[in-house]
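Next come the chains, spelled out residue by residue.
Protein chains: 4
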Amino acid sequence: MDEANAILLLSCPDKKGLVARLSNFIFQNNGNIVHADQHTSKSGQYFFMRIEWELNGFALGREEIPVVFTPLARQYDMKWDLHFSDYVPKMAIFVSKHPHCLHDLILRRHMGELGAQVEAVISNHQDVRELTEQFGMKFFHIPITEKNKEQQEERELEMLREMKIDLIVLARYMQVLSGKFLANFSNRIINIHHSFLPAFAGGNPYQQAYDRGVKIIGATGHYVTEQLDEGPIIAQDVIKISHRDTVADIQTKSRDLERTVLARALRLHLENRILVYGSKTIVFE
Amino acid sequence: MDEANAILLLSCPDKKGLVARLSNFIFQNNGNIVHADQHTSKSGQYFFMRIEWELNGFALGREEIPVVFTPLARQYDMKWDLHFSDYVPKMAIFVSKHPHCLHDLILRRHMGELGAQVEAVISNHQDVRELTEQFGMKFFHIPITEKNKEQQEERELEMLREMKIDLIVLARYMQVLSGKFLANFSNRIINIHHSFLPAFAGGNPYQQAYDRGVKIIGATGHYVTEQLDEGPIIAQDVIKISHRDTVADIQTKSRDLERTVLARALRLHLENRILVYGSKTIVFE
Amino acid sequence: MDEANAILLLSCPDKKGLVARLSNFIFQNNGNIVHADQHTSKSGQYFFMRIEWELNGFALGREEIPVVFTPLARQYDMKWDLHFSDYVPKMAIFVSKHPHCLHDLILRRHMGELGAQVEAVISNHQDVRELTEQFGMKFFHIPITEKNKEQQEERELEMLREMKIDLIVLARYMQVLSGKFLANFSNRIINIHHSFLPAFAGGNPYQQAYDRGVKIIGATGHYVTEQLDEGPIIAQDVIKISHRDTVADIQTKSRDLERTVLARALRLHLENRILVYGSKTIVFE
Amino acid sequence: MDEANAILLLSCPDKKGLVARLSNFIFQNNGNIVHADQHTSKSGQYFFMRIEWELNGFALGREEIPVVFTPLARQYDMKWDLHFSDYVPKMAIFVSKHPHCLHDLILRRHMGELGAQVEAVISNHQDVRELTEQFGMKFFHIPITEKNKEQQEERELEMLREMKIDLIVLARYMQVLSGKFLANFSNRIINIHHSFLPAFAGGNPYQQAYDRGVKIIGATGHYVTEQLDEGPIIAQDVIKISHRDTVADIQTKSRDLERTVLARALRLHLENRILVYGSKTIVFE
Chain Z
-16 MDEANAILLL SCPDKKGLVA RLSNFIFQNN GNIVHADQHT SKSGQYFFMR
34 IEWELNGFAL GREEIPVVFT PLARQYDMKW DLHFSDYVPK MAIFVSKHPH
84 CLHDLILRRH MGELGAQVEA VISNHQDVRE LTEQFGMKFF HIPITEKNKE
134 QQEERELEML REMKIDLIVL ARYMQVLSGK FLANFSNRII NIHHSFLPAF
184 AGGNPYQQAY DRGVKIIGAT GHYVTEQLDE GPIIAQDVIK ISHRDTVADI
234 QTKSRDLERT VLARALRLHL ENRILVYGSK TIVFE
Chain V
-16 MDEANAILLL SCPDKKGLVA RLSNFIFQNN GNIVHADQHT SKSGQYFFMR
34 IEWELNGFAL GREEIPVVFT PLARQYDMKW DLHFSDYVPK MAIFVSKHPH
84 CLHDLILRRH MGELGAQVEA VISNHQDVRE LTEQFGMKFF HIPITEKNKE
134 QQEERELEML REMKIDLIVL ARYMQVLSGK FLANFSNRII NIHHSFLPAF
184 AGGNPYQQAY DRGVKIIGAT GHYVTEQLDE GPIIAQDVIK ISHRDTVADI
234 QTKSRDLERT VLARALRLHL ENRILVYGSK TIVFE
Chain H
-16 MDEANAILLL SCPDKKGLVA RLSNFIFQNN GNIVHADQHT SKSGQYFFMR
34 IEWELNGFAL GREEIPVVFT PLARQYDMKW DLHFSDYVPK MAIFVSKHPH
84 CLHDLILRRH MGELGAQVEA VISNHQDVRE LTEQFGMKFF HIPITEKNKE
134 QQEERELEML REMKIDLIVL ARYMQVLSGK FLANFSNRII NIHHSFLPAF
184 AGGNPYQQAY DRGVKIIGAT GHYVTEQLDE GPIIAQDVIK ISHRDTVADI
234 QTKSRDLERT VLARALRLHL ENRILVYGSK TIVFE
Chain U
-16 MDEANAILLL SCPDKKGLVA RLSNFIFQNN GNIVHADQHT SKSGQYFFMR
34 IEWELNGFAL GREEIPVVFT PLARQYDMKW DLHFSDYVPK MAIFVSKHPH
84 CLHDLILRRH MGELGAQVEA VISNHQDVRE LTEQFGMKFF HIPITEKNKE
134 QQEERELEML REMKIDLIVL ARYMQVLSGK FLANFSNRII NIHHSFLPAF
184 AGGNPYQQAY DRGVKIIGAT GHYVTEQLDE GPIIAQDVIK ISHRDTVADI
234 QTKSRDLERT VLARALRLHL ENRILVYGSK TIVFE
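Sequence lines, in order, name chains Z, V, H and U.
Mapping of the first sequence onto my numbering: residues -16 to 268, in sequence order.
Mapping of the second sequence onto my numbering: residues -16 to 268, in sequence order.
Mapping of the third sequence onto my numbering: residues -16 to 268, in sequence order.
Mapping of the fourth sequence onto my numbering: residues -16 to 268, in sequence order.
One should not assume that every hint holds.
No copy is singled out in the list; a pair is fine if it fits within one copy or between any two copies.
DSS-like, lysine-lysine: derived pairs with alpha carbons at most 30 Å apart [what the hints assert, rightly or not]:
1. Lys223 to Lys62
2. Lys223 to Lys25
3. Lys25 to Lys236
4. Lys73 to Lys62
5. Lys121 to Lys80
6. Lys263 to Lys223
7. Lys80 to Lys25
8. Lys223 to Lys130
9. Lys147 to Lys163
10. Lys130 to Lys163
11. Lys236 to Lys80
Hint data in this document are derived by calculation from the structure and do not stem from the laboratory.
Note that this is a predicted model, so its numbers are computed, not measured.
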């Protein structure tokens, strides 16, 4: 008996009857829909849907589903992805010197709530090696200079391919990834930015927030694109600050925020709840 | 051309194919689903759904829909309600002495964002008469004593029936309504309670919050049931307080909260987004 | 018996003994300090303080206080303001077409919690005239064009001088005020900006927020300076949005935020809790 | 040169001139006040103050301060505590089976932001032993049964005394401590309760929140007293939930909350910002 669910994430030009057509596809194959959510973009006349159904009792095997679904998908000009709830994605974590987000992911892994397999922690510094290895994860030190960057990214890509990495998490990774690198992981690299984007994009957002005298700071989890800090936003949260907070205080407060926002963005991705549309996300919660 | 949408709110024991069956009902009658959301209660094996579709082009007239839908509903043992998005519900507002929630509703009405027709403001005091009449709404002074309560409630019920009231809002109304009264408006009376229920149920929650020394206070919008302060919760929100806040400060802060939480609960009800299940609500946002 | 309190707001270069010196000044004149709060800017070595004490029993009369205090203030090179808690500041509200913030101020006035006297509502449009006059406030229609702007601002300044206006609130006023106008009301004009500054400064922040796909929107209450949207921030707050929210939904959600943030910024100003330091505020709460 | 600050936390019946008297005490001994905050309880006519000043240049040595201050304190009938900012308190963490709060404290310790020395982790189970020892902290397994409770608490008290423990943190410790035990650590035991107290006091608050259908859940950090869940509240925070959240989802969401609220309560205590007054706290932030 297959205890897992199938999850279909799709988008296509809007047409009458799409929900019926899709729910019929499940029903006629004896599937039980556990959750269905859809959204229609008013302006773009575009349709988005997430359907989750039980594989238990479903007439089609896992490999058969895409075969049988493809003609229907073509008919409506759909982009689609099929996921199974029992698949554990392989993840690589990139981190530089600040360990708080990495440590938070370690905690969630330790508690069995991460939902992904950490295959590698990759850093341009040695600072988090001990912490990483202490918890039985592989650590790779790949220093980046202006000169060796292209070469080192090649090496990283090779490693990631070998390890069949599904998802990269930039847990406070301070290097800019090249367009070539990003192209290999489109919508599969999640970054945590330590500001409430688009405010304080770029360098040192703590200092920027302090200098501007804002009363609230934030953190943003987003997919990485070539335009730095402009990728589709997945999750954001904020916390109050006051004139008493120094830059160091802002950093301390922000760290808690960064941890929870990154964890939230990651969870939404791993539960296959996100569709990217242009520079924005549809998040089915 | 009918620009409005139809909205179906339904619940029934969960069965395979329900989503398909329901979306087919719309599709086969040439309807375009604008929004569909469903929920299955894990424990109770119960199914809840909200479907909204365009009447424009729909094969069935407004009166035909229930006729044609009834057999399907019976087959699945459904409880259901059909609404039309262009119907403007008739509302009565009950208020005692504190005018802030009433005033907020007046503002929203003034700005055209209320979504309901205020047919009457009913109060056991005279305090808000001037404000009410100033904005062209009818005011009824119906004082309540222990002796006359039953009789006055009869009178109110008669008025409400005559005015064909769909919904009662208790905008800080300090009288307890009898079970008999409530039975006439099951799940159609919304109250704003000035605490984060179930904390500080009962009288003077501001004082209770002050005495307990909590660091956060709240407000709760809920349907009214015979068990005071135990009706199904629709919306809640909170705000921080500190040791500096006196009972009067707590009251001032709470007022802003009460206004927005009541407005939110009301909007959810008027957009037909709420299903009541036992002592809880399913809110399709 | 004088039931009011005196409030001293001051700033000066930091020196040892300032708190003692200042609290002695009160004590030696037989004053009872009700609240004292101070802050020292780490970087700038600057000292800020707010002291509030009871006039009841105080040895100095209201007019004597500044006379006696001046030598002490000079000694420490202080900037300072003296306020009395029973003084009701005179306020002018500028508004264009969106009435929600004005309406909110009317409510607070109606409930006796505004803390200021509304002397005039000034608008470049006629839309809010009726609402304003209905509540017994004076309305002045002063349309602004590119050509007449300088002249109209002169007229406004004259009116404001005549009415002895202490504070101007821009309750969604869509005209840019000239540097000359601003110079007359330095740190005495409060604006509500309908975004979480510095994000989405400039025009149409609702549309900007929608286009960027943020998951949280905000509102900012700030003092107005010549650099548009860059004045010292007094208060900010935020609310969550999702991909379902259209620009119109964002506007509706934002309105509630704008009302409460403006009310909060206004209250902090009227309670003399704000010191401006460069482009930032010290807020003693 | 002494780089540390002295911090005085005191409370006494309110009298005119207290702020002046206290700031003079610092000033006359050539101290530089870095931060001073005070509060007067309206009802109880009680005065609370926190003063922090630089020891660098102060005329009195650390041991002399209490000697010289005592007469002044007696005169005003003060309760007071003197702390030094460079003292690192010794802490014991009690935990049962849920490791998330412990893990969070380990992270903060690892990052050097804990502000206390963890002398021991004490548990009635073995679950967190490995995690604890992995980070070089001492673990003590002290199982509690109804029979051995008194005896085991004796043993614990002895250990704590030997280790000169200043503060106990109950990081999800599921045993009720006896009045006798508590008396040894009055206002020095901090507990994290997994609900928004006073709502859902007692057992299984996750289930209680689910059953009641609240839309927001919370967590509460408080000092432990004999009346279970009624100790003085230090910090609270909340998070939104919906009808979609199962009891397990509520637990997952709550865990993040519990971690940050406990960390916040702990930080406030360690920075000597809390005064307990009856069943409430004054928190000088």
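Please sort Lys130 with Lys163 into within, between, both or neither, judging by C-alpha distance up to 30 Å. within (16 Å within a copy, 54 Å between copies)
How would you label the pair Lys236, Lys80 (within, between, both, or neither) given a Cα cut-off of 30 Å? Classified as both; 18 Å inside a copy, 28 Å across copies.
Intra/inter-copy verdict for Lys80 and Lys25 if alpha-carbon distance must be at most 30 Å: between (43 Å within a copy, 27 Å between copies)
Lys223 and Lys130: within-copy, between-copy, both or neither at 30 Å Cα: neither (41 Å within a copy, 43 Å between copies)
Is it within, between, both, or neither for Lys223 and Lys25, if the alpha carbons may be no more than 30 Å apart? This pair counts as between: shortest inter-copy Cα distance 20 Å, intra-copy 34 Å.
For Lys223 vs Lys62, is the C-alpha pair at or below 30 Å within one copy, between two copies, both, or neither? Classified as between: cross-chain Cα gap 28 Å, same-chain 40 Å, threshold 30 Å.
Please work out whether the CA atoms of Lys263 and Lys223 approach to 30 Å or closer within one copy, between two copies, in both situations, or in neither? both (26 Å within a copy, 15 Å between copies)
Are the CA atoms of Lys121 and Lys80 at most 30 Å apart within a copy, between copies, both, or neither? both (17 Å within a copy, 28 Å between copies)
Could you place Lys25 and Lys236 in one of the four classes (within, between, both, neither) given a Cα distance threshold of 30 Å? between (38 Å within a copy, 19 Å between copies)
Lys147 and Lys163: within-copy, between-copy, both or neither at 30 Å Cα: within (18 Å within a copy, 58 Å between copies)
Given identical chains, is Lys73 near Lys62, meaning Cα to Cα at most 30 Å, within a copy, between copies, both, or neither? within (23 Å within a copy, 45 Å between copies)
Hint check: a violation occurs at hint 8 only; the rest are consistent with the structure.
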